[in-house]
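Trainee: Note that the protein sequences, when read in sequence, are chains A and B.
Yeah, the first sequence ends on 252 if you go by full-length UniProt numbering, and it's all consecutive.
Yeah, the second sequence ends on 261 if you go by full-length UniProt numbering, and it's all consecutive.
It should be emphasised that the hints constitute simulated quantities derived from the structure, not laboratory data.
Note that the structure is a prediction, hence the values are computed from the model and not measured.
Ideal placement from N, C-alpha and C gives every residue a C-beta, glycine not left out.
Don't take every hint at face value.
Said to hold, decoys possible - If we take Cβ atoms under 7 angstroms as the criterion, some of the chain B residues that face chain A in the derived model are:
id: 1; residue: M79
id: 2; residue: A85
id: 3; residue: W89
Said to hold, decoys possible - Below 27 angstroms or equal to it, Euclidean Cα-Cα: the simulated BS3-like pairs (lysine-lysine) are:
id: 4; chain 1: A; residue 1: K82; chain 2: B; residue 2: K71
id: 5; chain 1: B; residue 1: K184; chain 2: B; residue 2: K115
id: 6; chain 1: B; residue 1: K115; chain 2: B; residue 2: K102
id: 7; chain 1: B; residue 1: K72; chain 2: B; residue 2: K184
id: 8; chain 1: B; residue 1: K75; chain 2: B; residue 2: K110
id: 9; chain 1: B; residue 1: K110; chain 2: B; residue 2: K68
id: 10; chain 1: A; residue 1: K241; chain 2: A; residue 2: K6
id: 11; chain 1: B; residue 1: K72; chain 2: A; residue 2: K82
id: 12; chain 1: B; residue 1: K238; chain 2: B; residue 2: K252
id: 13; chain 1: A; residue 1: K82; chain 2: B; residue 2: K101
id: 14; chain 1: A; residue 1: K141; chain 2: B; residue 2: K72
id: 15; chain 1: B; residue 1: K177; chain 2: B; residue 2: K115
id: 16; chain 1: B; residue 1: K184; chain 2: B; residue 2: K107
id: 17; chain 1: B; residue 1: K152; chain 2: B; residue 2: K115
id: 18; chain 1: A; residue 1: K82; chain 2: B; residue 2: K102
id: 19; chain 1: A; residue 1: K84; chain 2: B; residue 2: K72
id: 20; chain 1: B; residue 1: K152; chain 2: B; residue 2: K106
id: 21; chain 1: A; residue 1: K141; chain 2: B; residue 2: K115
id: 22; chain 1: B; residue 1: K71; chain 2: A; residue 2: K141
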Amino acid sequence: MQRIIKQLIFFAVLLIAWEGIVRAGGWTPDVMPKPTDVWQALVRGFADRTLIFDLAASFQRLFIGLLISLALGVGLGILLAKSKTADETLGSLILALQSVPSIVWLPLAIMWFGLNEKSVIFIVVLGGTLVMTINMRMGIKSVAPLYIRAAQTMGSRGIDLFVRVIFPAAIPYAVTGVRLAWAFAWRALMAAEILSTGPGLGYTLKYASDFGDMSLVIAVMILIGIIGSIVDYAFFQRVEKNVMRRWGLETN
Amino acid sequence: MFLHIDHINKQFTNSNVVNDVLVDVNAVINEGEFVSILGPSGCGKSTLLSMVAGLSEASSGQIKLEGKTIKKPGKDRGMVFQQAALFPWLNVEENVMFPLKKEMSKKEAKERARKFLQMVQLSHYGGHYPHELSGGMQQRVAIARALAMNPKVLLMDEPFGALDEQTRARMHTELEKIWVETQKTILFVTHSISESIKLSDRIIVMGTQPGTIIADIPVNLQRPRQFDQKEVIQLEKKISLLLKNEIDKVVKEELAYAANH
Ligand SMILES: Nc1ncnc2c1ncn2[C@@H]1O[C@H](COP(=O)(O)OP(=O)(O)OP(=O)(O)O)[C@@H](O)[C@H]1O
Ligand SMILES: [Mg+2]
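Working from the sequences, and respecting the hints, build out all of it.
Mentor: Encoded structure:
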């Protein structure tokens, strides 16, 4: 309770200061909009449903892209954890690719898939897959040997051992992988939408900027931030915490 | 011969240095017997037990259970480790059902799990998750899990080593009761002399560097045994004298090592 009150006060003060400074400076909304202008842009966007369509479109791509990247990441992660050769070859490539922001693939993606949905999804998949792969690999590799030994004395081995012990034991890492994959995919999606085509939140942001509608630009920025943090804090961090507690990995 | 440990040798090679851990270990364990393996830290007790479990291989020699050479882990040998090793993603009942999955229907497995949870007095905890149980309770679940697959031998590697004094004493009473009830053969590793006297029919005492059997002492005392019984105290003295030489040996070597480095 304490915390939420502090947060409310902080954001209220921030908004009032912003409003006050812009009014005192006498800037026009096409240079620096006030919170009230942003609010109006938001209300307008939701009233004429453009922002709702944008949200739906962005989420659809994100969902498809994220699903593909999770499936790929789990598969690749298991492969890297189980095969030393794959780890030494493909593994090093994946680590190298991890340091390349996925958006730089957009020119190639547009060449291959055209200026459309597919290119955006491709960027999202790249954004999510690598980090999921790396976490899944780590999870499989760090399963406590004691679990494996215990399962072996109970007659479990091979596929049975993998499905019933190794994979479930790796779930805490996998959950962290999913959370990071979502965060990377969300950022990649926004970048790709700004640079390619709509509908979508990123596209609307660029569109608004082309027409000098800075109120809408900031409104969309705020939406992106709010959605990102709600999914992260309210959903993933909670799931992650529960899993950590259940798996006995909590530090305190 | 029920369980026959036959001329077992074990070496570990670390960066080209060969370390003889077990040298010519021989023992026969009869069906239904409760046998403790007692020895100082590092003498190779866990190594020996994990070879009986089939988790590691001897460098030479063999271990036979009812005439069959042990090569792999199997359900005929249940193992309880120092850490309970329960699977945190399964609840208590599902943990106990883990080894039963392939050999019986879910309903039968459930019934069986309940029976053994009752034996370790945890019938009310079937739906709890391991992290919600105390260390002693977790270890009881691990014992129920090992017993549920009806092994011929129960192998226990310092199963109560991580528990406090009082809990440990309670677990001794319970294990003794379970042993009488199930008539299982139990091979119990410990470095507590009093624990081994309290529980076993026979104590195999191991020396260290290299690990060998230095004595095989029958304990012919009425159960339940009390720690302040005259015979218990006498036996304790006898064994601690045996072990003292071994521990002195370790200390001497430590000192020699320290002096040379
Ligand atoms: N995988 C391994 N590689 C190399 N050396 C090993 C390995 N496992 C055990 N050892 C060595 O074998 C010796 C015996 O180990 P072991 O764990 O069997 O002792 P222990 O009698 O169970 O001791 P404790 O009472 O401390 O559990 C030790 O000196 C240890 O360093
Ligand atoms: Mg040990």
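Trainee: It remains to establish, for every hint, whether it holds in the given structure.
Mentor: How the hints compare with the structure:
Residue-level restraint check for M79(B) holds (minimum Cβ-Cβ distance to chain A is 4 angstroms; threshold 7 angstroms). Annotation: A85(B) was flagged as interfacial toward chain A, and the flag holds, the nearest CB pair being 4 angstroms apart, inside 7 angstroms. Because the smallest distance between the Cβ of W89(B) and any Cβ of chain A comes to about 5 angstroms, under 7 angstroms, the interface hint for this residue holds. Only pairs whose Cα atoms come within 27 angstroms are accepted, and K82(A) paired with K71(B) is accepted, the gap being roughly 24 angstroms.
For the hint linking K184(B) to K115(B), the alpha-carbon distance of about 16 angstroms falls within 27 angstroms, and the restraint holds. Restraint check for K115(B) and K102(B): the C-alpha separation of about 19 angstroms stays at or below 27 angstroms, so the hint holds. At roughly 21 angstroms between alpha-carbon atoms, K72(B) and K184(B) fall within 27 angstroms of each other, so this suggested pair holds. Simply put, K75(B) and K110(B) have alpha-carbon atoms about 18 angstroms apart, close enough for the 27 angstroms limit, and the pair holds.
The straight-line distance between the Cα atoms of K110(B) and K68(B) is roughly 31 angstroms, outside the 27 angstroms bound, and the hint therefore fails. The suggested pairing of K241(A) with K6(A) holds, with an alpha-carbon distance near 23 angstroms, which does not exceed 27 angstroms. For the hint pairing K72(B) with K82(A), the CA-to-CA distance comes to about 22 angstroms; that is within 27 angstroms, so the pair holds. For the hint linking K238(B) to K252(B), the alpha-carbon distance of about 22 angstroms falls within 27 angstroms, and the restraint holds.
Our distance criterion of 27 angstroms between C-alpha atoms is met by K82(A) and K101(B), whose separation comes to about 25 angstroms. Among the hinted pairs, K141(A) with K72(B) is consistent with the structure: their alpha-carbon atoms are about 23 angstroms apart, no more than 27 angstroms. This hinted pair checks out: K177(B) and K115(B) have alpha carbons roughly 15 angstroms apart, not beyond 27 angstroms. For the given pair, K184(B) sits about 25 angstroms from K107(B) by alpha-carbon distance, which is consistent with the 27 angstroms threshold.
For the hint linking K152(B) to K115(B), the alpha-carbon distance of about 18 angstroms falls within 27 angstroms, and the restraint holds. Taking the CA atoms of K82(A) and K102(B), the gap is about 25 angstroms. The hint holds against a cut of 27 angstroms. Only pairs whose Cα atoms come within 27 angstroms are accepted, and K84(A) paired with K72(B) is accepted, the gap being roughly 25 angstroms. With a CA separation close to 23 angstroms, the supplied pair K152(B) and K106(B) stays within the 27 angstroms bound.
Distance hint between K141(A) and K115(B) is unfulfilled; the C-alpha atoms sit about 36 angstroms from each other, more than 27 angstroms. Among the hinted pairs, K71(B) with K141(A) is consistent with the structure: their alpha-carbon atoms are about 26 angstroms apart, no more than 27 angstroms.
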